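Asks: Chains as they are written, first to last, in my numbering: chain A, 1 to 558; chain B, 1001 to 1226.
These are computed hints drawn from the structure, not numbers from a lab.
It is possible that some hints are incorrect.
With a straight-line Cα cutoff of 25 Å, these simulated DSS-like cross-link-like pairs (lysine-lysine) come out [claimed, not checked]:
no.: 1; chain 1: A; residue 1: LYS361; chain 2: B; residue 2: LYS1141
no.: 2; chain 1: A; residue 1: LYS194; chain 2: A; residue 2: LYS460
no.: 3; chain 1: B; residue 1: LYS1022; chain 2: A; residue 2: LYS365
Where chain B lies over chain A, by a calculated footprint (3+ residues, C-beta under 8 Å) [said to hold, decoys possible]:
no.: 4; region: 149 to 161
no.: 5; region: 464 to 478
no.: 6; region: 507 to 518
Part of the chain B face toward chain A, derived, beta carbon under 7 Å [unchecked claim]:
no.: 7; residue: LEU1024
no.: 8; residue: SER1026
no.: 9; residue: GLU1032
no.: 10; residue: GLN1034
no.: 11; residue: THR1035
no.: 12; residue: ARG1038
no.: 13; residue: PHE1074
no.: 14; residue: ASP1075
no.: 15; residue: MET1080
no.: 16; residue: THR1083
no.: 17; residue: TYR1087
no.: 18; residue: THR1090
no.: 19; residue: TYR1092
no.: 20; residue: GLN1093
no.: 21; residue: ASN1096
no.: 22; residue: GLN1220
Source: prediction; values computed, not measured.
Built from N, CA and C at the ideal position, the CB exists for glycine as well.
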Amino acid sequence: MAAKIQPFDPPSSASSDSDLNEYRDVVGDISVALDNDDEESDSIISSSMSPSKQSTSAPSTVLVKSPRSTLRQRTTSVSQSTKKTATESVLQSHTRTIYTAGRPPWYNTAGQQVEPFVIGVCGGSASGKTTVARKIIESLNVPWVVLLSMDSFYKVLTEEQHEKAAHNEYNFDHPEAFDFELLTSTLQRLKDGKKVEVPIYNFVTHARETKTKTMYGANVIIFEGIMAFYNTDVLKMLDMKVFVDTDADIRLARRLKRDISQRGRDLQGVLKQYCNMVKPSFSHYIAPSMIHADIIVPRGGDNTVAIELIVRHVHKQLQARGFKLRETLAMSYVGQPLPSSIHLLPSTPQTQGLHTFIRNKDTPKDEFIFYSKRLIRLVIEFALSLLPFKNVIVDTPQCVPYSGKRCASDKICGVSILRAGETMEQAVCDVCKDIRIGKILIQTNRSTGEPELYYLRLPKDIKDYMVILMDATVATGAAAMMAIRVLLDHDVPEENILLVSLLMAESGVHTIAYAFPQVRIVTSAVDPEINEKFHVLPGIGNFGDRYFGTEPEEYLSS
Amino acid sequence: MSAQCEKVNSTSPAYEFGPKLKLLRSNDQVRELQTILRDNVRTVHRNTSRTDFKFYADRLIRLVIEESLNQLPFDTCMVMTPTGNYYKGTKYQRGNCGVSIVRSGEAMEQGLRDCCRSIRIGKILVESDSDTHEARVVYAKFPHDIADRKVLLMYPIMSTGNTVIKAVNVLKEHRVAEDNIILSNLFTTPIAAQTITTAFPLMTILTSELYHIAPNHFGQKYFGTD
């Protein structure tokens, strides 16, 4: 049977019609991951949509809304919004406060990864692993948790095995049933902070769906499954091991109830499967693995004391890894010469004149937009000149060969950092035909001053592209750094990233150049300072607000 | 033809252009645009070649226009930014206008409009006699106060320079000072550049490329009349 291991599906194998769901890389993942444990024989995709699963489908809805609610704050006056920040970020929905916040930095000031915390949850079938996992997530109150279920890694069955499964004779409770190779590599990549494509296992066809589930960006990874502690490689990756020890009678009772009432199977078949496979397998493989556990939780999800203990430990571990990013960034590198990775748009009377228009606070909005667009166009054209080019000789209509240049890479895509970065999208589309545009939403948390990642949507095979990352202004560089980190996590080579902006502060340039020396930084001007609100001085003000006309009221009246 | 190639390739320093001829700052991106506009495959054989051609031509035109505007005079000024700090900037002077030489010069009008929204644009139609190749002015219409303005004269391709010489003479007849004229050009041959700088030493000329063969298909390809 070992020979039947399904080879690892490359991410690109997913069909393009799945685009709509594909890139919701954010914590909405949890809904699917949680669901597929509950409904072993049902289609996972539909179950995530089913209204009966309210508690589990809640995160995806709340999450999608959360960026908007944060954006909305900006339209109100500042005094109101600071009050609202406190209440809105604690948006209550079945105590799931966690999903309203963005993801704080998961890397240090040098842009290097801080490893996420991995919790392994093991236990017999129907022991309540998922309940425990969910309760941990709820009590953790930490954003960006990924729940990885072992069920996603069942091997693809042959026709013969499929037939056996239909007669309750295929052993799903045996280590051989799992693709540990794929599981190990997936978990390792998640632990490295990389984007992964988790297979979706269809329990009807016993095969993997052509679609995969994209998971990315976890501060805490919860990995659960009956054989969670079986493989030594997997075991090494777990920072904390929890065993859910529920009485065998209760587990059988749950199984009977679930299989018969929810899945319409007959008593005979369920018992046959239990006695022949589930129970022996538990005694052989699962129960002995208890010795690896750090914590054994009796009675599963009802054991609030145990869960509280786990949560407290995880919090302590996360705190030990945490740090204040932005202030450190703003303070460093005062008075150093500009790094070599910066490419400044050559200054001309026109670019200076354009800067004068858009920096002047009294410039009317239509002029501001018009002159911004002109400057953006120049910056984008300049950025494109930094792409790799090759020499070519072409025939001309004049019948004389002409030696010129051609861009060596035909895969170029734009990624804008919302919202100000979007102002540059039009210019990119104007100069590159049919270019793909990805988006990343990063907002500053008003109470901590830290950037937080809320949303991202990137071309599927972004690793093969030259990426033009756009943000109108870069002050401390915190948001740009987060965006670059996201791109790197999606396997975009560092040297393929161009960070393009209109205006940067010196400290931001240094921060990014230090953390990511191979990222080329393109801008039209570098200003010397940043104020306490992290605005560039003398600066442009809030570029996004001015461009989209969403300045707060007190600014307009002053 | 090949004899001509060799001659120009090996002897480009023999030309004398004077200080008023300026070249667009070249980079790989600009070189690519120039290559595409000359490429026979792109310009002749493809079905979609015209939209493609126009797209890349417009991009190069935009860059040339932006650079031409840099030749205009400006003042320094101080403005206050929204953060309450001062920024020492520049301010363009008023009193400019564009003049395009019909027909290919009109291809550059949109590029100018994209940079200067309400600029006045005059036109000159110069036709060359099909027998004698003698250029003559058929039509000219300018803003009434053109004598007091800086003039951005637009003509993308120059192989002999005869057309431009006629056009500049018309402008001078309208009492435009020679040093108030900026010629905006995409491709010129060294011969044309020398002819014009010799004829009008005070006029500023901005081009993106000096090359011994001019892409004469430009106007027809851009307007789709080939």
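Asks: Now, for every hint given, state plainly whether the structure supports it.
Replies: Each hint tested on the structure:
1. A/LYS361 <-> B/LYS1141: With a Cα-Cα distance of about 39 Å, the restraint between A/LYS361 and B/LYS1141 is violated, given a limit of 25 Å.
2. A/LYS194 <-> A/LYS460: holds, 14 Å
3. B/LYS1022 <-> A/LYS365: violated, 35 Å
4. 149 to 161: violated (count 0)
5. 464 to 478: Since three or more residues must qualify, the claim that chain B covers the region 464 to 478 of chain A is violated, with 0 doing so at under 8 Å.
6. 507 to 518: This one is violated; 0 residues, fewer than the three required, reach chain B with a Cβ under 8 Å.
7. LEU1024: violated, 11 Å
8. SER1026: violated, 9 Å
9. GLU1032: holds, 5 Å
10. GLN1034: holds, 6 Å
11. THR1035: holds, 3 Å
12. ARG1038: This interface hint holds because 5 Å falls under the 7 Å limit.
13. PHE1074: holds, 5 Å
14. ASP1075: Violated: closest Cβ of chain A sits about 10 Å from B/ASP1075, beyond 7 Å.
15. MET1080: holds, 6 Å
16. THR1083: holds, 5 Å
17. TYR1087: Since the shortest Cβ distance to chain A is 5 Å, the answer is holds.
18. THR1090: Holds. Min distance 4 Å.
19. TYR1092: OK, holds: B/TYR1092 within 7 Å of chain A, min 5 Å.
20. GLN1093: violated, 10 Å
21. ASN1096: For B/ASN1096, the interface hint is violated, since the closest Cβ of chain A sits about 13 Å away, which is over 7 Å.
22. GLN1220: violated, 10 Å
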